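Student: Residue strings, one per chain:
Number of protein chains: 2
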Amino acid sequence: MSRHIRPMIAACGLWSCFASAASGAQHIQGPRLNGTVTKLAEYGAEADGGVSRIGFSDADLAGRSYVMGLMRDAGLAVRIDPAGNIFGRRQGSGNLPAIVFGSHIDSVPHGGNFDGDVGSLAAIEVIRSLNDHHAVTRHPLEVVIWMDEEGGRFYLGSFGSDAAAGQLPADMAGRQVDGGDQLATWLKRAGGDASQLAAARIPPGRVAGYLELHIEQGAVLEKAKVPIGVVLGIVGISSRTCVAKGFANHAGTTPMDQRHDALAAAARAVLAVREEVRAEPGRQVGTVGMLKVEPDAVNVIPGRVTFTVEIRDLDQRRIDHIDARILERLAAIGSEERVSIECTAPEVSRPALTSPEFQRIIHLAARDAGLPAMELPSGAGHDAQNVAQFAPIGMIFVPSRAGISHSPQEYTAPEDVTNGAEVLYRSLLKLDATIGADSPSQSQ
Amino acid sequence: MSRHIRPMIAACGLWSCFASAASGAQHIQGPRLNGTVTKLAEYGAEADGGVSRIGFSDADLAGRSYVMGLMRDAGLAVRIDPAGNIFGRRQGSGNLPAIVFGSHIDSVPHGGNFDGDVGSLAAIEVIRSLNDHHAVTRHPLEVVIWMDEEGGRFYLGSFGSDAAAGQLPADMAGRQVDGGDQLATWLKRAGGDASQLAAARIPPGRVAGYLELHIEQGAVLEKAKVPIGVVLGIVGISSRTCVAKGFANHAGTTPMDQRHDALAAAARAVLAVREEVRAEPGRQVGTVGMLKVEPDAVNVIPGRVTFTVEIRDLDQRRIDHIDARILERLAAIGSEERVSIECTAPEVSRPALTSPEFQRIIHLAARDAGLPAMELPSGAGHDAQNVAQFAPIGMIFVPSRAGISHSPQEYTAPEDVTNGAEVLYRSLLKLDATIGADSPSQSQ
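In order, the protein sequences belong to chains A and B.
The working numbering puts the first residue of the first sequence at 476, with every later residue one more than the last.
The working numbering puts the first residue of the second sequence at 476, with every later residue one more than the last.
The shape of chain A in the complex, shown without the other chains (with noise of 0.2 Å):
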């Protein structure tokens, strides 16, 4: 237990800590911590400011030897996994399994650079100060780095977290990219294994709980103007593809009443969307992205329109739901309207609530930190997801200027990166005190 936040917890409440807290020294050294951000954007770095540091490509690789180094660096013994995973630990005084921490380094095509780095360079940062503090835990420490979170080139999901939880298609050690590249020769260039991604998988119980910091990707912290996000969980998807099929035909000749046109009914089907997902109170969201229309000609009635329906809820019930009356609508609009409306099956990726009590400590950590704090659903997907089918999570976000993610004008400024670290290094402390103990109060 950190010398440094001992003399804080005994002296409030779990919940009482705020006003003494705003004082409370701050652990983390937030130069050095946005040092090794800066430096890691140079691995695939574009002209523009933004990156492209894809799982599996060189600047992904360059980009793991870097925070390898950084790792070594901080004290702590790193290992790949088959499936190119990470791990960096520091050992704790009990004989107990490790407590998790990290994000990933990869990103999307043309990403930014607050995506994942926040959270794996923070995890490392945490380290650094742990070590600055003499600080011991019971529990061992593992700072995670995931492979290939955002997908894409391989495998369309979190390619590290899913072996971790078990979960990747039996046919992915096969793959390959256009005949070319296979992955097991990436996998093998990242110092994984194909032949043993099994191996990779986590048994529930051998993780004592996993923490992940991480950039909101929204805009809700940035305008309540709170600097920690307390995750209630990461939210269910359901997506679908649906096809509105009319007649092609002359934009001309053919009457309005003589018209089976796929825009119009598909303009309804977009429309029908938003307003069944609006039509209860709560923070489910659904979207029509994709949509299109053949053989778009302007002098054409559209005779086919292709869109995509999304639906993302913390609740799988709510999504299901409101998934069977948007169906219901589609039907209704494709007879008015005389065109057919057809959906694919939903491909489903099932909510993952985080820990109560991960949440609660996040709160206090917070609290601590004298940094406010709010709770919200993360509706991007991460990890964290696939380390709840074999332990606990909680997840911790901070602000992203205008919401904007994905993109190189994603941003999150310094101090926010800083306090985010500040609120997991102390999160950590307290759950290596609770966790595993009676309760909280035991454990100091």
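Hints are computed from structural coordinates only; laboratory data are not their basis.
Which copy is meant is left open, because identical chains are indistinguishable; a pair holds if it fits in one copy or across any two.
When the alpha-carbon atoms are kept at most 20 Å apart in a straight line, the in silico SDA-like pairs for lysine to any residue are as follows: (1) Lys767 - Val718; (2) Lys767 - Thr781; (3) Lys767 - Thr716; (4) Lys698 - Phe722; (5) Lys663 - Phe562; (6) Lys720 - Ser882; (7) Lys720 - Lys767; (8) Lys767 - Arg779; (9) Lys698 - Asp732; (10) Lys720 - Leu746; (11) Lys720 - Gln884; (12) Lys663 - Ser540; (13) Lys767 - Leu746; (14) Lys698 - Pro730; (15) Lys698 - Met731; (16) Lys514 - Leu536; (17) Lys663 - Gly626; (18) Lys698 - His735; (19) Lys698 - Arg813; (20) Lys700 - Asp732.
Here the structure is a predicted model, which is why all the values come from computation and not from measurement.
Dock chain B against chain A, hints included.
Tutor: Relative to chain A, chain B alone:
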């Protein structure tokens, strides 16, 4: 005046011939005519029965040679004007301006074998039939095959009839395709002369009248089970390109009430266009045919949607006030959706009305031939609308199966082609007797 139609006209009033006409003589030789339609289809034929005989292509030049051969075989004096329009002249008995009739033989890429071909070959068949019946007309007759009606290679309009109307752009002669093929080169191959394009203009008064037989390219005649359409005019077209600009953002992290969804706004616009077009009685049509979403990803709220708005009607004032109402609606939608919607100035093609006198003559000709006829607008553009700039016009439509056109599935039954040619034949002779005379009866 033909020996064959004189007794019929003598025997009945202008609107009272229907009963007797059901047994009226047929002048056109259907198999001979439809044989030429089948033969022309070989030039630019594609494996699936479609045709690509694009204006200023080798297939087009070969097709033109074929029809010029037919014209010469029919005794016509063939000349090619500087714009490549083919005229085949048959002398008349009087010192009068010519009556011109014909169509075009070029096709859209991957088009069908009836659009243009039917009117062109029927015009030549009419000459053969006049010869068969030793008919003499007061006016000289000229069959015209307009150059490049469909446009697209060097020019988006109808090249030949635009030249005749004196409305080609000034830069026409120098146009090239991708820095390679030059219009001047192809026009020379076609027998034209790019340096003399202005001389292709036909001044008002030079042509006594123009008739064009064409397939409907819509399904109005087929649905009404009426073989002959009397065209009221060629609709005017007003088209705009509009851009809805919202803000592209993460579909998971952006709450419903913080969105600036360009697709939701565009969907409302698509429906508003239809509502405003339908808001009053009439044959006006309005179409959103193109719509492009950016960035067009399942998990991104659309930030930008580009779409077209096209309105067609015979009455330019109606087009204008529907267009104005649509713009008002789009502005209101943009404001409500917090999305800017801006449209280009309209591209306008003004309506071209057919001569009421020519309409009356076509009605009469159809009744004489025992063929039911109905009036309808032409929703598609035709060379006739350019000719209307310098001469009175009339148009005859025959049914298109399922209203399909600009497609290999385009089809008009041989008996409909023959019926159309018969009505063209009879209309031409009535016109010859009528125009330039004080009244129809005086010309008998």
